[in-house]
Structure formats: structure tokens, C-alpha cells
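Visitor: Sequence:
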Amino acid sequence: MKSKLPMTLLAQLDDVAVFQTAALANGNKCAADTNSQQMHELGQASYGALNLGLHVNDDAAKVLDNRMRLLTAINEKLNSLPSTSAQNAPIKRLHWVNQVHGNDIHHIDATALSMQPLAADAILSQQQGVGLAIMTADCVPIVLYQPASGKIAAIHAGWQGLACGVIQATAERFTDSGQIMAWIGVCISQQNYEVGSQVRDKLLAGCVDSQLLTSANIERFDARYVMDSANQTGDDSHTDTSKNSDVNPQCLHKTVDKLANYAKVNADNIKLNLPRLAADQLTAAGMTLCNESAIGCSYGDDRYYSYRRQTHLQQPATGRMALVIVRRASTQSDTESDTELV
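Position 143 (the sequence shown) corresponds to 143 in our numbering; numbering is contiguous.
By construction, these hints were calculated from the structure, which means they are not laboratory data.
Just so we're clear, the structure is a prediction, and the values are computed from it rather than from any experiment.
Please note: incorrect hints may appear among the correct ones.
[Claimed, not checked] So the derived label-pair ranges between C-beta atoms look like this:
#, residue 1, residue 2, range
1, 201, 119, 20 to 28 Å
2, 196, 4, 36 to 44 Å
3, 176, 9, 20 to 28 Å
4, 44, 109, 39 to 47 Å
5, 107, 230, 40 to 48 Å
6, 43, 230, 42 to 50 Å
7, 111, 176, 16 to 24 Å
8, 43, 68, 14 to 22 Å
[Stated by the list, open to error] Capping the alpha-carbon separation at 27 Å, the derived lysine-lysine pairs in DSSO-like fashion look like this:
#, residue 1, residue 2
9, 77, 92
10, 62, 77
11, 4, 77
12, 62, 4
13, 92, 62
14, 4, 92
Glycine included, each C-beta is placed from N, C-alpha and C at the ideal position.
Whenever a hint applies, use it, and build me the whole structure from the sequences.
Guide: As C-alpha cells, then:
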């Protein structure tokens, strides 16, 4: 590759690997400052260096090229990693869905490859040589892997998905016995996620009606997931970016300062901890959260896309990043790399 893509390997286990993409890559200070300024121009679209969303009015040809570049970068990275197999074919395609903030699940093994992505908020596969991608710009992305069956899945969990049980619905598709491992990608932190109290009410109702949390976490719902908007010292241990050595504190400070004029606190609203709620729903569904470091904040870190930042900066559009899980094949029967481009 001519330049390093903004992509990070989050985990590798057996022949499965998890990747997180970003809007901007780490680089020299001057380049980073220039890119950050472009991402934060008031009133200007912020597509960054690796927008993967076809639905945000970016140049479609560029987005499709970005998806191909991502597939190439993933295969290059996989070639440098140890494998449980003597030989490994490349990842042949990445699967994408039209995410609709619901709980529909697309099992890619049961449907033919199409140029038109299906409307769904979770993808499931047991195939080798494929990758599953979930796009976000604040919502909680989750990927799953069950070593015993080889199944992988990817989930898009905004507050609506968390309320309607998309995590539980996906877990129920793992009919085989055995541990299911989960990773949460970059998403918005509680400190930056201010919403009306009606969102909290709908989330709580959904968790109660569908038994998405343990009874103990239902009883302490507000104490665990909610804080007043005026409270800037809430317990946000799942998303404290200061604990993540991969975050540039100086860059974060500049971002917060610039957004301060647009992100006014409404004392009548509350702040929700979506990643903690997602983590607890995963645990309640019998899965194991395997993140080894704190979850980065999409709003607070310049390198990531954030729909809320776009709104506060009055930008017409911003890009989408992806959390991707791939499962390598153990043969080289097909050496061509292609991708589902929509």
C-alpha cells in the first residue's frame, strides 16, 4: 500500500481477527493537525481518509475504492500474523448491510451474494474466508466469535437496537453450545451522549419487557447507566478514553475545546452509558466481553467519525467507520480477492 490505512487490529484468536477502522490515521504532527482541521470545519462535510458509508452523500466510487483498500489492508495484515493452519487463503469478501436501527439479522450463508445489501442490524456467518462489517459514527458496534462452531457475527447497537434486543436476538442464532466471545468497538462515551429522558424510559422498558439485563442491573438501572447532564464526573469506566494509551490527550483536548461552543448542556436531559449497557446485555445473554483496553470515544477523539459531532458543528455529512471481524480460510482453493461493494 502507498499509505497506511487508519485501521487497528483489536484482537486475534485462532484464524479470526477483529479490526477497527477510523477517519484518520496517526501520522506526523503537521499532517495530523491539517487532517483534524478538515474534519472539524464548521458547516463542511467531514469524510476523512477512509469513509466506508455509501449513504452519506460521499463520492460512491471513492467509497467503493475505500472498501477495496480495506479488504487489501486486512489481507496484508493477516499475512503477517501467525495462523493455526499451515496455509491460508485471503479473505475473499467483506459483507455489509443497510443498517436500520432494529433487530433483524442477516445470515449470509443462507442467501446469495447480491449487489443490494439487505436491511439488517446484525450479520452472521459460519463460512471461512469472509469478513463481516458494521458501520458506525457513535452507535455501539459489536462482533462475536464462537470457537466451538466457528461462527462469527457483527452487530449494530444504537440505543434503539439496545432497546429492542438486537444483542439477545443475535445470541439466539448461536444454537451450538460453547463460549461466545465479544468485542465492542469505538462508540460515543457517556460524557458526550446527552439525550432526553424519554430515551432512558424506552431503553428501560425494552430491557424489562425482553429481559435483556439481569434483575440486579434492572433494579439499579439509573445508578449504572444514567447521570445528570450537569454531572461531569460520572462513573464511565467502560469508556474513559484517558485510560487508552492509543488516544492523543492533546488532540482530545483541542476537540473538546472546539466543540464546547456547540455542545451546550441541557440540565433537563440526561447522559446515557451505551457501551456499559451493551456490555451488560452481552453478559446477560451468556457471552464474554474480551476487550483488553478501554473503549475509545467516537465524539471525543479526532480520529473517528461522529454523527453527534457533525450535528454540533452544523456539518451536512460525515463518514462512517467500521468494526470488522474476519475468519481466514484454511485452503488456497480460491486466491482471488473480491468484495461485496454495497
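Visitor: Which hint numbers doesn't this structure obey?
Guide: Of the numbered hints given earlier, those the structure breaks are 6 and 8, listed in rising order.
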